[in-house]
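S.K.: Please model the entire structure based on the sequences and the hints provided.
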Amino acid sequence: MRASNPAIIWELLLPRLPHQAIFLCGGWEGSLHDPSIAPSTSVQVFDPNGCGWVRHDTYLPAMDTRHAYSACIELDNTVYLIGGFVQPKSDDEAQTEAQGPTARVSAYSLRQRVWRERAAMHEQRNFVSACRCRGRLYAMGGHNGQQRLASAESYDPVANRWHRLAPMHNVRSDAGATSLNG
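Quick note on our numbering: the sequence shown kicks off at 206 and runs consecutively.
Just so you know, the hints here were simulated from the structure itself, not pulled from any lab data.
Note that CB positions come from ideal geometry on N, CA and C, so glycine has one too.
Worth double-checking, as some hints may not be accurate.
Unchecked claim - Simulated restraints on C-beta separations:
#  : residue 1 : residue 2 : range
1  : Ala380    : Phe251    : 19 to 29 Å
2  : Ala243    : Ser314    : 34 to 44 Å
3  : Ala355    : Ser384    : 11 to 21 Å
4  : Val363    : Pro240    : 44 to 54 Å
5  : Arg369    : Asp269    : 25 to 35 Å
6  : Pro293    : Asn386    : 33 to 43 Å
7  : Phe251    : Val376    : 24 to 34 Å
8  : Arg369    : Ser241    : 37 to 47 Å
9  : Ala364    : Asp239    : 34 to 44 Å
10 : Gln225    : Gln351    : 33 to 43 Å
11 : Arg353    : Pro253    : 16 to 26 Å
12 : Ser236    : Gln351    : 14 to 24 Å
13 : Asp269    : Gly235    : 14 to 24 Å
M.R.: Below, the structure is given as structure tokens:
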């Protein structure tokens with residue numbers, strides 16, 4: 206086969222994500238009794254049709270920071286990693302990056318195959334609950350390292366901006382969230 210544009214051929218040779226996939230981003234990773242278990246930079250993908258897991262490097266690069274207790278949501282062919290607990294990958298990074306709860310949001314474009322930083326939330330949140338509804342992402346509750354939160358905010362991906370919402374009736378963390386018909 207003769208290619209007039211080698212870039213197109215290269216793109217066709219790259220591994221492709223299944224049409225339906227489940228993403229598992231970060232979390233504590235290691236062997237069951239491993240004392241050095243730590244937050245992970247890895248992304249694993251589950252193919253429900255092939256019934257198997259693959260590591261991140263088959264489809265997408267690792268995250269640039271170790272994450273745990275984050276929320277992970279897909280919206281418009283972008284996987285968002287919201288808040289959580291971050292840990293520097295090395296001693297060099299520990300000098301420039303704090304360890305603990307974060308307001309950070311990273312987004313992986315499934316089309317462009319690249320991680321990008323997006324606007325940070327107004328509050329640091331680990332153990333955050335999140336969902337998508339009507340083209341927006343919602344982050345609710347969580348823990349900021351000192352206390353549980355009743356605050357909530359929504360993210361507009363087009364404007365790359367977070368908006369504060371009315372607070373919940375009670376503080377809440379570690380909860381699951383989903384939307385209905387949204």
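S.K.: If a hint holds in the structure, say so; if it doesn't, say that too.
M.R.: Status of the hints after comparison with the structure:
Checked against the given bound of 19 to 29 Å, the beta carbons of Ala380 and Phe251, roughly 23 Å apart, stay inside it. About 27 Å separates the C-beta atoms of Ala243 and Ser314, a value inconsistent with the hinted range of 34 to 44 Å. The hinted window of 11 to 21 Å between Ala355 and Ser384 holds, with their beta carbons roughly 20 Å apart. At about 45 Å, the beta-carbon gap between Val363 and Pro240 stays in the expected band of 44 to 54 Å.
The hinted range of 25 to 35 Å is satisfied by Arg369 and Asp269, whose Cβ atoms lie roughly 27 Å apart. At roughly 41 Å, the beta carbons of Pro293 and Asn386 sit within the given window of 33 to 43 Å. In this structure the hint that Phe251 and Val376 lie 24 to 34 Å apart at CB holds, the actual value being about 33 Å. Look at Arg369 against Ser241: about 39 Å separates their beta carbons, and that is inside 37 to 47 Å.
Take Ala364 and Asp239: their Cβ atoms lie about 43 Å apart, and the range 34 to 44 Å holds. For the pair Gln225 and Gln351, the beta carbons lie near 40 Å from each other, so the given range of 33 to 43 Å is met. About 34 Å separates the C-beta atoms of Arg353 and Pro253, a value inconsistent with the hinted range of 16 to 26 Å. For Ser236 and Gln351, the Cβ-Cβ distance of about 32 Å falls outside the hinted range of 14 to 24 Å, so the restraint is violated.
For Asp269 and Gly235, the Cβ-Cβ distance of about 19 Å falls inside the hinted range of 14 to 24 Å, so the restraint holds.
When the structure is compared with the earlier hints, violations turn up for hints 2, 11, 12 and for no others.
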